[in-house]
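S.K.: From first to last, the protein sequence lines stand for chains A and B. Throughout, this note's numbering is defined as the position within the first sequence, counted from one, plus 22. Position 362 of the second sequence, counted from 1, bears residue number 357 in this note's numbering, the numbering being contiguous throughout.
Hints should not be assumed to be uniformly reliable.
To be verified - Dumping the calculated PhoX-like pairs for lysine-lysine here, alpha-carbon to alpha-carbon at most 25 Å: (1) B:Lys137 to B:Lys213; (2) B:Lys325 to A:Lys133; (3) B:Lys137 to B:Lys103; (4) A:Lys139 to B:Lys66; (5) B:Lys103 to B:Lys220; (6) B:Lys325 to B:Lys216; (7) A:Lys25 to B:Lys275; (8) B:Lys137 to B:Lys66; (9) B:Lys275 to B:Lys103.
Just so you know, the hints here were simulated from the structure itself, not pulled from any lab data.
If you want the building blocks of each chain, they are given just below.
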Amino acid sequence: MKKLLEILNLVERFLGIIFFIGLFGSISIQVFSRYILRHPLTWPTEFSIYCYIYIVYIGAVLATREGSHVGFDIIYERFSKKTRLLINIFGNIFVILLILTTFSASIDYIKLVGSIKSSAMNIPWSVILISFPIGMGMIILHLGIWTTLHIREFILLRKT
Amino acid sequence: MDNPAYKRIYIIEENIMSIAFIICLIIFFLSFALRIPVAFGMIISSICYFLIKGDDLGIITEVMVFGFEDKFILLAIPLFILTARLMNSGGITNRIYRFADTLVGHMKGGVAHGNVVSSIIFSGMTGSALADASGPGLMAIKAMDDAKYERPFSCAVTAASATIGPIIPPSIPMIIYSMLSGASVGSLFLGGVIPGLVMGAGIMALIYFLAERRGYQKGEKYPLKAILKAFKEAFLSLMTPVILLGGIYSGVFTPTEASAVAVLYALFLLIIVYRQFRFKDLVSVINDVVENTGFLGFIIAGAFIFGHVIALEQLPAVIAEFLTNLNLNKWVLLLLVNVLFLILGCFLDTMVLLLIVIPIVLPAISQAGIDPVHFGVVVVLNLMIGLITPPFGMLLFTLSGLTYTPLSPIIRETIPFIIMLILVLLICTYIPEIVLFLPKILG
């Protein structure tokens, strides 16, 4: 399981770098093409936005893994360690359950509009839209891992 | 519709809508209080809203993906973050700091003044206060340590001067404000120049006053030859804002394209001119930028769906109508908004405030005839003050963590700077020309 998670981490980071290069490269090509070759292109704008969407969801997964999403902790910090762990456990379960409710609707929506083609690159919308369920699925996975860790810590704390 | 049965159904539907929205807000605030990340809080409360209303949840995918489709300006954010990281990882910040020190180091409290001037210069290269604090700011704190300044004072000066970062262009919060309001990024960038310089002057005046009172020593006075040498060494780095802003305002490239040019220029300086960068480092820098873009973009995606719910409930229109009915003149309205943002800024993250509160107050601001560029700069200035106001002052946390200095003495030393920045905020609020002069002349 640990090995699998390490591979997953590498894949996430690799994809993040690839999409970032895609975003930076396409904007640079646009600048070069428009101002040096005097021949503006239509595809780089669309391509860079699609790369950005993927970066957002991959980056959100990485931030979930690292626990670096911004939260308000002034009230939370006032609770005891045990209560904080319980809040984390139930909070994560609540978030996981609610996100899970969106999956079937998300897939239905992608089935409904996914075959429509983008205006400049002519690629199906499903290629872009699928970033959402994949990203949310990975976020749920990492939240699940965090929850397991919190439960273990809570049990250990109760024993001591 | 006159049929009583229809009326009853209509009232029931109205009530269901209200209940859904009230529950959505309760879940949002509860998740907030229990430290569920803000992005998740906005998403799950919106999911609850649609579940209670019985609406198709497919809308969440649509809004959270296609919300980005026409926001080309947002693409500048990861590229400006990358520029800041590149500048900080090479010797660029070092050169800028040395040049700033030769200019103002001889004044009373000299090293602290050098800290402010290097922040002003660095502001023209990146759009982030945190990048400023953790780059040239950290370097200046080390120099202030060597000059025997108390560490909390050094952190306070660094925190206050880092707030100039997003006021002087480029600016990440201004890019997001532009996306929300439709105001021109170019005008917002220009509008921030004079307020940024006024902030710098205010902070330096305060440092001078404190240096007199506390007996801080003057720094070394450099001969003209040394100043010119430092200028020559920093010259290519100093050209970054010239290329960036010159490119944008001469119409050569858009702000998003300018961010890509900034990255290319930083890479050119680090790899070819200064030879201080390894490709191995680039991978780890890009990884960090992807993660930063992710958590920021995810808050934006959350704000898209939460904003959609708020728009469905017509909350901005209701608030605009309420404020219009109060018949407040625009200066009182601006004062109210300033007070609101200063209070909320003590507790909330900059991006959360920007993405949630701005869309709610914008219609009222527009109805009161307030210039969106003026309002944008005032709001961003407000948000920057929020970065150094306790208990939730992100810059204070960052500097306390980076320098291993306890938070309380830093907060104590920061208070005079907060008062000074509020004074600058009031000046910029009530003398709009300070903001609008450059956009009117050059825009």
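S.K.: Does each hint hold? Answer for all of them.
M.R.: Going down the list of hints, with the structure as the test:
Between B:Lys137 and B:Lys213 the CA atoms are separated by roughly 17 Å; this keeps the pair inside 25 Å, and the hint holds. Taking the CA atoms of B:Lys325 and A:Lys133, the gap is near 49 Å; set against the 25 Å cutoff, the hint is violated. A distance of roughly 18 Å separates the Cα atoms of B:Lys137 and B:Lys103; the hinted pair therefore holds under the 25 Å criterion. Using a Cα cut-off of 25 Å, the hinted pair A:Lys139 and B:Lys66 holds, with the two alpha carbons roughly 19 Å apart.
Using a Cα cut-off of 25 Å, the hinted pair B:Lys103 and B:Lys220 holds, with the two alpha carbons roughly 22 Å apart. For the proposed pair B:Lys325 and B:Lys216, the alpha carbon gap of about 48 Å is over 25 Å, so the pair is violated. Among the hinted pairs, A:Lys25 with B:Lys275 is consistent with the structure: their alpha-carbon atoms are about 24 Å apart, no more than 25 Å. For a cut-off of 25 Å, the pair hint linking B:Lys137 to B:Lys66 is broken: about 40 Å separates their Cα positions.
With a CA separation close to 43 Å, the supplied pair B:Lys275 and B:Lys103 exceeds the 25 Å bound.
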